[in-house]
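There are 4 protein chains.
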Amino acid sequence: MFERIRQVRRNARERVDLTRLIELCRQLLTERGESNSVAIAGHAIERYHRLSPEALDRFFELLAGEFDPDPGEVLMLAERYAVSRVPANLIALSRAAEPPRQELLRRLNRGAQGTATIVAMRAQLLQRLRRSPGLAAVDADFEHLLSSWFNPGFLQLQRIDWQSPAQLLEQIIRHEAVHEIDGWNDLRRRLEPDRRLFAFFHPMLPSEPLIFVEVALLPQMPRAIAPLLDRQDPVRADAQKMKVAVFYSISNCQPGLRGVNLGNFLIKRVVEQLRDEFPNLKTFCTLSPVPGFAHWLSHVAEPADPRLKPAVLRELHTEMAAARERLAFDPTAASPDDVDQQRLARLCAWYLSRSADPQAPQPDPVARFHLNNGARLERINPLADLSRKGLKQSHGVMVNYLYDLEEIEANHERFVNGEVSAARAVTSLI
Amino acid sequence: MFERIRQVRRNARERVDLTRLIELCRQLLTERGESNSVAIAGHAIERYHRLSPEALDRFFELLAGEFDPDPGEVLMLAERYAVSRVPANLIALSRAAEPPRQELLRRLNRGAQGTATIVAMRAQLLQRLRRSPGLAAVDADFEHLLSSWFNPGFLQLQRIDWQSPAQLLEQIIRHEAVHEIDGWNDLRRRLEPDRRLFAFFHPMLPSEPLIFVEVALLPQMPRAIAPLLDRQDPVRADAQKMKVAVFYSISNCQPGLRGVNLGNFLIKRVVEQLRDEFPNLKTFCTLSPVPGFAHWLSHVAEPADPRLKPAVLRELHTEMAAARERLAFDPTAASPDDVDQQRLARLCAWYLSRSADPQAPQPDPVARFHLNNGARLERINPLADLSRKGLKQSHGVMVNYLYDLEEIEANHERFVNGEVSAARAVTSLI
Amino acid sequence: MFERIRQVRRNARERVDLTRLIELCRQLLTERGESNSVAIAGHAIERYHRLSPEALDRFFELLAGEFDPDPGEVLMLAERYAVSRVPANLIALSRAAEPPRQELLRRLNRGAQGTATIVAMRAQLLQRLRRSPGLAAVDADFEHLLSSWFNPGFLQLQRIDWQSPAQLLEQIIRHEAVHEIDGWNDLRRRLEPDRRLFAFFHPMLPSEPLIFVEVALLPQMPRAIAPLLDRQDPVRADAQKMKVAVFYSISNCQPGLRGVNLGNFLIKRVVEQLRDEFPNLKTFCTLSPVPGFAHWLSHVAEPADPRLKPAVLRELHTEMAAARERLAFDPTAASPDDVDQQRLARLCAWYLSRSADPQAPQPDPVARFHLNNGARLERINPLADLSRKGLKQSHGVMVNYLYDLEEIEANHERFVNGEVSAARAVTSLI
Amino acid sequence: MFERIRQVRRNARERVDLTRLIELCRQLLTERGESNSVAIAGHAIERYHRLSPEALDRFFELLAGEFDPDPGEVLMLAERYAVSRVPANLIALSRAAEPPRQELLRRLNRGAQGTATIVAMRAQLLQRLRRSPGLAAVDADFEHLLSSWFNPGFLQLQRIDWQSPAQLLEQIIRHEAVHEIDGWNDLRRRLEPDRRLFAFFHPMLPSEPLIFVEVALLPQMPRAIAPLLDRQDPVRADAQKMKVAVFYSISNCQPGLRGVNLGNFLIKRVVEQLRDEFPNLKTFCTLSPVPGFAHWLSHVAEPADPRLKPAVLRELHTEMAAARERLAFDPTAASPDDVDQQRLARLCAWYLSRSADPQAPQPDPVARFHLNNGARLERINPLADLSRKGLKQSHGVMVNYLYDLEEIEANHERFVNGEVSAARAVTSLI
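Protein chains in written order, with my numbering: chain P, 1 to 430; chain H, 1001 to 1430; chain R, 2001 to 2430; chain L, 3001 to 3430.
Pulled out of the complex, with its shape left as it was, chain P reads as follows (with noise of 0.2 Å):
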């Protein structure tokens, strides 16, 4: 009974959060709002950090249809343009075509903590942008302005290690999300002078990283993980003598930056600071899952592609059928076997280099994000994460994609033409 009464008070007041968020938007849009934007967006995003789940599904709803572009407009100065290519009208079209929800943004920008809620907004959109596609709009302005803003024009690269402060530890552990961090005295030993661990921040934002990067320095290139995760593993006391710099883990910290490029920038600019503290270093490669291999190999019957032969093909799908009736037994254990292990090795190039035709889309996240950053696939390494997530997704198989700055345009260059860059050891074996 009570319960019911305060249920009701409580849905009354978010109701009048929600109002009032509404008109303190619709007033920020407005002239007399301008003069005191800061304030009256202070206090919408105070507003906005008191809505329920279901206040703020209505919230986006009335981003979106409320804050869209004239078509009227848009269409009359479209036509104006095409008629006139002078500057007013092409003024007046950019202006009028642009959705006035990224204004909107840029206001709501003004107040405390703006640029923190407006990426935990977008976060909160995604959410429910599955199941709302009619929020793709709105998705579009957050990515398009926050693409904007947290541009690497604008991000500093920070290292990170036991001087810094325990908050951002703690964010560290808890973000990391390749190679779990299992509590201080792991992370400590991924901070030791033989290892690095950079993130990018943006000013606005100074005590939450965006995404970090962390990096190994080796005698040479690796072909397990284990090693690098064992926090027995001795230090290195000759950390300026190594040869090889190895990216073993990027993790993203911010959901509501999804779409905005940051990995890419992150790990040119760590081999650029690297180079300069470490002369001797050689080559910057990775150590990568290869999250899709496993599920390929299980769930692709017969691999086709057309620029195949017939009988290569038909090598391919004797070898697959033999790697599947091998793991069937027990498809998370590890075989010792060599044959096994080189069958494994062979068909985790076929899946990453050709596996698909062309046109396709490469169908492994990690890859994908490589080779568009212009990567190129150089090593595969088997039983080289001989973990239980390690072997579910891809037989223990591990990748080392390499980093050359002076090949990375041409390589992209290719991977965005349907074509993967590999080293020799990796064409070879197909």
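Honestly, the hints are just simulated from the structure, not real lab data. The model shown is predicted, which means the values in this text are computed figures rather than measured ones. Hints may contain errors.
Claimed, not checked - If you want the footprint, here are the derived chain R segments under chain L, 3+ residues with CB under 8 Å:
#1 2026 to 2036
#2 2110 to 2118
#3 2170 to 2182
#4 2361 to 2374
#5 2400 to 2414
Said to hold, decoys possible - What follows is a list of derived Cβ distance ranges for each label pair:
#6 P:PRO255 x H:ARG1050: 38 to 46 Å
#7 R:LEU2386 x L:VAL3086: 17 to 25 Å
#8 L:ALA3120 x H:GLU1180: 32 to 40 Å
#9 H:GLN1273 x P:ALA136: 53 to 61 Å
#10 R:VAL2178 x L:GLY3183: 37 to 45 Å
#11 H:PRO1203 x R:ALA2410: 54 to 62 Å
As the list claims (entries may be wrong) - Calculated Cβ distances over 10 Å to all of chain L for the following chain R residues:
#12 GLU2061
#13 SER2094
#14 ARG2188
Backbone N, C-alpha and C define an ideal beta-carbon position, used for all residues, glycine too.
Given chain P's structure and the hints, the job is docking chains H, R and L onto it.
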């Protein structure tokens, strides 16, 4: 002879720089360039800084010619959106209607010194805008982007005092535009504990103030500027007890940011900062020049204001004639005559508050700035600025504008509707 | 066999290090060494850090033997000064009577890591002091110099919180000596906004806390320690309203600074700091262990206090006997019996305030520290620390000492004269 | 009349301040004061800063009279120590022989602004020392303590440049004692990238430089000062390629630190710092004035040096007579005559290297400083300083001293033994 050869060589080199710069710009917008955009942007920026004034002319022409949206495509998408307002249509339209120049600038910003370069580029563009009106759409793109990037949500307020780096203080001396600073000792008085100097900074330009304001803490609203500028003026030890904060000078430092609203936000942020530091402050006001007054008085023959009764208008005309006659002998000398000064004050009140018809814009640029910010015209002070410049611009009259955060929204709205908010002390003059 | 050869070689190398170190020390004190003392000190410090424990023994013996003042010279100068107190005689005498060791240490301090090395040296010296009483004068020189250099005028108070470097927090965990910190989560509760942790730092040892104190902000003086140590204890959002600041743990981090007064200064500086930050605070007190109580109760047969009447003494002896009998069953279990607890409180009041004759020193080290600082014994809390250690040391009793800055001079003087300042709540127990 | 009353009142107030200060000093040394010493020291410091010059006189007298060691006690303990050198006897003796003034100063240092006050106190003491020789023992105590506290192990080297706070730069302008800095523009040239200015700071006086040195990076050892001081001197863009670092000015900022060795340590630390930053540097030298040369030439009738053969001495006397005659016309004009200049160089070499008998101290203070630091007299430069001051002090001659870290120990030892290390270029002049 040799000189000509050198000239030829220089011309050749410049042509190379320009050609290469344009290539780099095109490359930045291609797929291939994307993976390496930070490096390409860096090269483009280097080339840009080597351009001669003539090469710059051509570069801006090219920006205007080549990076416009495609009229046919925009028209087609506008039609499609007018027919069906689904998100996909809107997204496609917004993208197509945004001039590719904006994306070009966002990518240039990724290079080292990107932001500083773009601000400098805008300054050079503005110098060409008057004689090349065809650049207006290019300028609109710069202004649009810079307004987004120099959004007050991204600016940092910093106090500048005698502990600040000499390099910063030197810039303050150079950029002070209202009341010239005559060397380091003069500056020093303006940084003593009974004064404040605040500037906005952008995180990417940490050693360049964008705009700054000078504040004096006083027991009451000041009637004249000389004591504030006198470097012998004794420092008030009891700054904490002062009731009035006077904004006596505000100067922009970055010509490239013209049109980006900074002053409005700066004043309001400083008001809040001062309120925190000095809880005894009751009044926040300016002591401002009236740069258009003398010109108006001598040039505007017989102002007409449809809202006024003929008798009132006649009185105004009589007063103006009398004032002109008195000033005719030496327009830059201040009359000690009370009647004269009273008359000047009255005419200045007319000038600022109702000289024009409500549809016409406010003629005085300083009044326009403060009234549009939501300030109120509080007092007219004759004999307030007896410097050569003060006498010439406004026969020595200065004005206090009052910032009352409770009223600024209403004042601003009134101003937008052609009405000037003024204190009784001013309205009673008329 | 090989082991023996290695041992012989190591011994030889050590002998070389020791011999060279002593040469460098002698050189530092010569004229020739003076012009290059920073470099020589640096070499000496390097050698020092290579010494084996045995070589250290010999090094300290040498410090004791070789760098004493010359008795004949001092005696001659003392006679001269006794005859004529002119400045020259005094200056000569003071110089001659100061052991040259002090100048040696001052010069060693010039080398890289000088201060840290001297503090570490003292720690190693102290470990040898008990078994080598001949080192007492060497130790007195260290203490004299370190007291001058770690003078509170040179120390910096720093708040430590979750924004502090992990490296510092790790040291806090390691050095907490009163109430053990069980890992990072446990530490975190002690750094929340309703807690404070302050440490003293020396400018030459910026990453090593010297001593730290943990403070809780509470509505009233606490009677038990468990809630303060419970990491689930809800964080008080209203820290600003709290009336009581409780110092619940104070720990030294540098054994080499034994005898250098730090705790007294730390507590008083923190009181001032907290008064500034929390104007509502009225009471500054501790919640302290009574480490010597249980031992006293079980070992001191029949305390005699000449100031007491025989009847009172008899009562005390009866009470002690009763308590012993009750505790005999299980000295580490807390009795829920009110009478027992009341009796323990009374006996603890006896123990701390008048157990001994006024000439004898205060037997409890914690009481000695706080009473000597000028605090007042404010309340005895039975059942306050039911941890194994708390029951064993003091049958669960803890004590509040009160710091009232107005009274500390008088309290300290009283304590020096053998009297304990205690609140009525304590004296009335007896 | 009123003036007299005011005077009487002021005198009374001053007497109170002095009396109270002395009471506080006594209290600081008592048991009772110890527990509250930071507060008491703070009060004493406040009173101290209010003393009139006369009250200061009396305060220092009192410091001299009251805080001496007890002669009887010291004598007794010296006898005991002479009989038995056990640690206890030594500890007691050292304690008793140290003037209680030192402990007083250590306790004063605990108060706010303690260190700054003690340095200022010493400066005021030094002003009185000549006319009150009885204060010599007090001064010795200050020097002893300050030497311990301003030990190079506690000093921080800081580069000062155009990014430094104006407040610091202002002090540099004020304290430059060798080659006056004529305002901010003059200073600026000395901070350009081909120059360096380094200062020592003490952590307790973070905004007051203690001593600073100005360095120019040059292709070769300079022969004249004017180009270094010319603010139009073009900045060398290739500072990294320079071979020679010239220390062309060194100035003390704190008169209260007289006798505390700072310059020697500063120069050597700067040499190391420069070696790290500019690996191409081969030579570290000075361009120094010879302030006593002109006085020696005109006043020392016939220098005698027992080490010299009569013929050599005769030649010297002839040369001196000739020089005097040539200079008689206008001692502040530089002769363009090569013979004259050659003669001046030769005489200056005599003056600096062997003018006096080896037992007598080096007469030139600048030479004394550098030679005692272990530098070598490298070259005599006639016509090197044609400023009024330069001509008057040394007929325009300046000198290069060379700092070769490999040789400074040997050079210093030689100097202490009465010998001057000089390059062949100098010795060959004689």
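Hints the structure fails to honour:
Violated hints (numbers, rising): 3, 7, 9, 10, 13; every other hint is consistent with the structure.
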